[in-house]
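Below are the chains, spelled out letter by letter.
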Amino acid sequence: MQSAPRTGLLRRIRHHGAELLITAPSMAWMTVFFVVPTVLVLLLAFRPTALDGGVGRGWTLQTWRTISNPNYPSIVWRTIWLSFAATALSIGIGLPCAFAMARIKAQWRSTLVGLVILPFWTSFLIRVFAWRLLLHPEGTISVFLHRTWSVFGWQFRFLAPETTLLYNSFAVLLVMVYTYLPFAILPLYAAAEKFDFSLLEAAFDLGARPWRVFWRIFVPGVRAGVVSAVMMVLIPALGSYVVPDLVGGPNSEMVGNKIYQRALPDRNLPHASALSALLMLGVLLPPGLAWLATRKRHLGATDTDVVAAMNSPSALGNSGGRRRNGVRA
Amino acid sequence: MKRLQRRSLATFWSVLFFFYVPILVLVVNSFNASKFGGAWKGFTFKWYEKLFQDRAIWQAMENTFAVAVGATLASVVLGTLAALAISRWKGRLQSAHYGLLYTHLVLPDILMGISLLLFFISVGMELSLFTVFLAHTTFCVSYVAMAVLGRLENFDGSLLEAASDLGATPWQTFWKVQFPLLLPGIVAGGLLAFTLSIDDFVITFFVNGAGSETLPVKIYGMIKRSRDLPKINALSTLMMCVTVLAVVASRMMQGRGMRPQKDASAARRPSSPAERREGQGGRVRGAAHHA
Amino acid sequence: MTKRFGPLTAVNSVTFGVQRGEFFSLLGPSGCGKTTLLRMLAGFEQPDEGRILLDGRDITRLPPDKRQVNTVFQNYALFPHLSIRDNIAFGLRLRRLPRAEIEERVDEMLGLVQLRDHASKKPTQLSGGQKQRVAIARALVLKPQVLLLDEPLAALDLKLRQHMQIELDEIHDRVGITFLYVTHDQGEAMGLADRIAVMRNGVVEQIDPPARIYESPRTSFVAAFIGDTNFFEGVVTRIVDHDYCDVEVEDLGTVRCWNDKHIRAGAKVYLSVRPEKLHLTHERPADLHDGKVNVFPVTVYQKVYQGAWTRFWVRHGENVDDCWELSVLQVHSRYLLDTTPISWDDRVWLSWHADDGYMLENYDERDETLLNHPTEPVVPAPDAPYPADAAAEPAAAAPQEPSADAERS
Chain G
1 MQSAPRTGLL RRIRHHGAEL LITAPSMAWM TVFFVVPTVL VLLLAFRPTA
51 LDGGVGRGWT LQTWRTISNP NYPSIVWRTI WLSFAATALS IGIGLPCAFA
101 MARIKAQWRS TLVGLVILPF WTSFLIRVFA WRLLLHPEGT ISVFLHRTWS
151 VFGWQFRFLA PETTLLYNSF AVLLVMVYTY LPFAILPLYA AAEKFDFSLL
201 EAAFDLGARP WRVFWRIFVP GVRAGVVSAV MMVLIPALGS YVVPDLVGGP
251 NSEMVGNKIY QRALPDRNLP HASALSALLM LGVLLPPGLA WLATRKRHLG
301 ATDTDVVAAM NSPSALGNSG GRRRNGVRA
Chain H
330 MKRLQRRSLA TFWSVLFFFY VPILVLVVNS FNASKFGGAW KGFTFKWYEK
380 LFQDRAIWQA MENTFAVAVG ATLASVVLGT LAALAISRWK GRLQSAHYGL
430 LYTHLVLPDI LMGISLLLFF ISVGMELSLF TVFLAHTTFC VSYVAMAVLG
480 RLENFDGSLL EAASDLGATP WQTFWKVQFP LLLPGIVAGG LLAFTLSIDD
530 FVITFFVNGA GSETLPVKIY GMIKRSRDLP KINALSTLMM CVTVLAVVAS
580 RMMQGRGMRP QKDASAARRP SSPAERREGQ GGRVRGAAHH A
Chain X
621 MTKRFGPLTA VNSVTFGVQR GEFFSLLGPS GCGKTTLLRM LAGFEQPDEG
671 RILLDGRDIT RLPPDKRQVN TVFQNYALFP HLSIRDNIAF GLRLRRLPRA
721 EIEERVDEML GLVQLRDHAS KKPTQLSGGQ KQRVAIARAL VLKPQVLLLD
771 EPLAALDLKL RQHMQIELDE IHDRVGITFL YVTHDQGEAM GLADRIAVMR
821 NGVVEQIDPP ARIYESPRTS FVAAFIGDTN FFEGVVTRIV DHDYCDVEVE
871 DLGTVRCWND KHIRAGAKVY LSVRPEKLHL THERPADLHD GKVNVFPVTV
921 YQKVYQGAWT RFWVRHGENV DDCWELSVLQ VHSRYLLDTT PISWDDRVWL
971 SWHADDGYML ENYDERDETL LNHPTEPVVP APDAPYPADA AAEPAAAAPQ
1021 EPSADAERS
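Residue numbers (my numbering), protein chains in the order written: chain G, 1 to 329; chain H, 330 to 620; chain X, 621 to 1029.
Keep in mind that the hints were calculated from the coordinates and are not lab data. What you are looking at is a predicted structure, and each value in this text was computed from that prediction instead of being measured.
Here are some chain X residues pointing at chain H (derived, C-beta under 7 Å):
id	residue
1	Phe664
2	Thr691
3	Ala697
4	Leu714
Every residue, glycine too, gets a C-beta built ideally from N, C-alpha and C.
Generate coordinates for the entire structure from the input sequences, incorporating the hints supplied.
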């Protein structure tokens, strides 16, 4: 009783003092270099453009009006369909891969995960560049097609060497799938590994056809993996800049390219801001809504667990049962 | 069942083929005398020779390493502190703290690039290697914090109680027990930060200034101007060799080093841009999980 | 040495003293507050009220690192990055003792727990029992005034647990340090402790040596939690003499009972009779103790043979829905040699000596759920608070998990 004041105020101040001291550095850093710039982007979208390439005074909706000119919606629309198509393709291809990886003997699994990740130790830029080499008019695929064509003649008309492989939306989609596929395969595999495959046997036993079993039993079973794969591919895809820039043409620009173009060569900062704000909204809306719906702190084991697992194939291989430390009484 | 398995396995091998072919073509072409690499015109080392004569590339490499080392050191300190605070205290402050680090992981690079560019312009900062360092530190903090948090989540709190029970002051408890046990997570976070910093293109592209080109920015310029393309092949091949060697080396270190908890071996390897994205996905997945 | 606490829910106004060198055990089901109590002694939790005195000195507000009290953790909490030797030396090094002395004391401890050969190993290379011994050595090497042990054997398998019990006992004898041992295992507490404090819902129900706890339980909880028993409810009808009285038990009859609490006639009482004190015989036993043996005819309705003994459940009364069901333990000292085995549906005689029935000070119907019975006893709704708690502290009914407290702090 006599010690109550001591445990109360004084201790609490000391307690909070330590918390503030340890929280302050990263919190301050993130505030200055993340929160402030983000707010700045949102604010600048409502500023007029100055002629000298800077930002004018006062507030205006002019930028937003310009954005609704016909040119932009088509870019936004292309960004959306390319991203969704890349996501759908990645998951469509990723599902059978995850299935195959999870069915292989346990000791080989981490090797397979390693094989999936290995090419992606190479720089992102270089991987995109490699496709430029392949798809180039004088590149490997063209030359290969040329030879095939000269042997088989006109029967392969649609694969004629004159076909433009680079600088179109098809090339952008192809390279996007190439770069984002592993991010679909890994969460799908993590989910598939925990899937109880005896369910499939049960379904076959009850007379289901393979196709049906795959879509009706396996895919719903790895639902969580599908959801995370969607987020994993869709969000970076929406913000693509390098892929459309390097393998796309003028008719396959995405929002990312426009942001760059407005910000640097054009020096139209309010425009770039407005586009960024749009992209930010598109990217943060789905997870934001999910967060609002649950209002839960994401400090559960799931998050860091998955990050840890994603960082290493061996961890993924072991992800079947999560280890826990000794239970306290 | 067998049929399903055979078909899915066939898909998987095709996908691996799809993954490796572009890279193999790139490596092979770095030794190809032909400028465009469509056809084999003989074996040569001349692209490598040219590469080593290019002073601008060496300068870019120097810049890259300077930034990577600085950003790694800064982000390891900030990220570790952040992880400690988030795991130690619960409350609104730490929720916000975690939310900041988490959101930053989810956002596409281009948004970070543009917002930092606008920020630097607004506060009147000259774009330079220093702004690149600031930008890199910012995105690395999140990754380090998550790596250390992962380690902390498996941390047995009774070890800290045991230490203080045996007479350790809070300060001693941290340095003698908690820090040594967190070290693998911190090192993993640091390696992750280092590789991410070396590899980053989009953010650097927005915030670098005259003379502060990093290697990816330099390569991008070469690609864009369609100049010295075979040199890029050679450079890429070399970079891949270095990465693979680093991976093997860290694997070997890992084998020798102490590893008290198996589950913690998760984040012990230097990571690639691929893994970085995976990391993001992990967060997103968490969000989806709670949905 | 006196320790008093009283944080509101987990541990409710507990007061007890432990003698120097004593082996004292806190026994209770999980969630009874015993671990919280231990954590307050160690300094990981702060009591909201009350004081902890160690050797006459108030240590209530001292942080853990300033207390001459060391803990053996349930999950061992060995530092995984240090070798066994370094684990044991951890506390000594913090105290900046001379190197030679550290070596000497660590060696001595390694000898005590028989781990000399494993000194350079890492904790992950040891078995559960070895880890446990390291944890004990690490705490004992600091020569604490009190050693706190938090369910130290809970993580071990049965055989090892039995072996470690003996070893713990020997260590206690040799070092002469006060041991405060928290457990939910009555066998461990009975076998090891000089005295046991039985706890339930943050309240100490009884503090006594093991034999008294077993033979003279003060409450129905103690009687039912430690061992098995039978409860009778009745009214004292007649004081026979200074030591005995007659208790009228409804539907059973008059029971002669030892009256050490000198209950007056007319009072309602509850009796506890241990199953092994009951005897079953084919013949009605002769009264050799001038009326001090209670005898009733019963029918066997369940029988479980368990090797060293057989457990019977018998009924008194014709109506199956409304009769006395009693649990009886027959130890086989001479099985099959001189008796015809008692079997299902046998009508036999149940008897016990008046000295073997014990009057409880406190009875709670819900404690009947703790009894070993083939049929579920009828009890009130599970969320109704215990009458005893409701009187003492309304909040005590809230579930308390010690680890939850630990996280909050």
